[in-house]
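With these hints in hand, go ahead and build the complete structure from the sequences.
Chains B and P supply the protein sequences, listed in that same order.
Read in the working numbering, the first sequence has 48 at position 48, and its numbers run on one by one without any break.
Read in the working numbering, the second sequence has 1116 at position 116, and its numbers run on one by one without any break.
For the record, the hints were derived by calculation from the structure and aren't laboratory data.
Incorrect hints may appear among the rest.
Calculated pairs, DSBU-like style, for lysine-lysine (alpha carbon to alpha carbon, straight line, at most 30 Å) [unchecked claim]:
1) LYS34/B to LYS1115/P
2) LYS1082/P to LYS1060/P
3) LYS1057/P to LYS1082/P
4) LYS1117/P to LYS34/B
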Amino acid sequence: MTGTLTVAARGDREIVMTREFAAPRAMVFDACTKPELIRRWLLGPPGWTMIVCEVDLRVGGAYRYVWRNTQGTEMGMGGVFREVVAPERLVSTEKFDESWYPGECVGTIVLTESGGRTTLTQSLLYDTREARDGVLQSPMEQGVGVSYDRLDVLLAAGNR
Amino acid sequence: MVTKSEGYEEAAPDLDATFAALADPTRRAILARLAAGEASVLELAEPFAMSQPAISKHLKVLERAGLITRRRDAQRRPCRLKARPLAEASGWLEAYRQYWEETYQRLDSLLDEMKAKDRTPEDRQP
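If you want it as structure tokens, here you go:
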């Protein structure tokens, strides 16, 4: 079994996600950096497919991803690698073509291995807190409802 | 380089403050009570075996996190729930988490496949 995903805000400009995988980190690193492998899992939201996946894996090298949904709408993003330390660390800039938040984001992936299992920590550092919190309006989500139901569930869960 | 702006202290409460405030069961119970409507400190203290100052301390944390507002109503200073930061915290994180969980589950399957391939001895001769 694999670990649960944790998502947390760190400081005022960063999002940090942690997840354990039942595989050695060289394998996880490959899955995160080789186009033929990335295409297999980084598919975007339901209904989207990845139509472009180009990776020039070296410091200063660029990568580019494009997804398309069933209506033909395309969504692209890309950036430049700042650090490439296989199989443990990857730092890159990322920006969506039609970005809904200002500025660029710097993504850092750190892989640590223990007993054949790998913990992946992915942090996303935005230029401003407004940008980080602006991910709220992400087009990748099918309507993040500002819902009192959810509020109730959260409160109920907390009181159990 | 990372610089901290001077106005940082006055900035609107962020998700960290929301989660810190939500980490306490008494504060969650207070929010649940306020979801039903405005209440005074006295009314809020009632269901808890707690002194009014202890409740006031919790209310200050909730107020700083932007989760409640308190009216300047001389004696009563009734509290009211401000749902937006909470809804943002739960809605945003939940949708974001769900998206990445589904994505990482596909990565799990791919890694399983890669491991299986790795284990299979290559029968082909050069």
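Evaluation of the provided hints:
1. LYS34/B to LYS1115/P: Since the Cα atoms of LYS34/B and LYS1115/P sit roughly 16 Å apart, the hinted pair holds (cutoff 30 Å).
2. LYS1082/P to LYS1060/P: holds (14 Å)
3. LYS1057/P to LYS1082/P: Cα-Cα ~18 Å, so holds.
4. LYS1117/P to LYS34/B: holds (17 Å)
Violation of the numbered hints given earlier is absent; every hint is satisfied by the structure.
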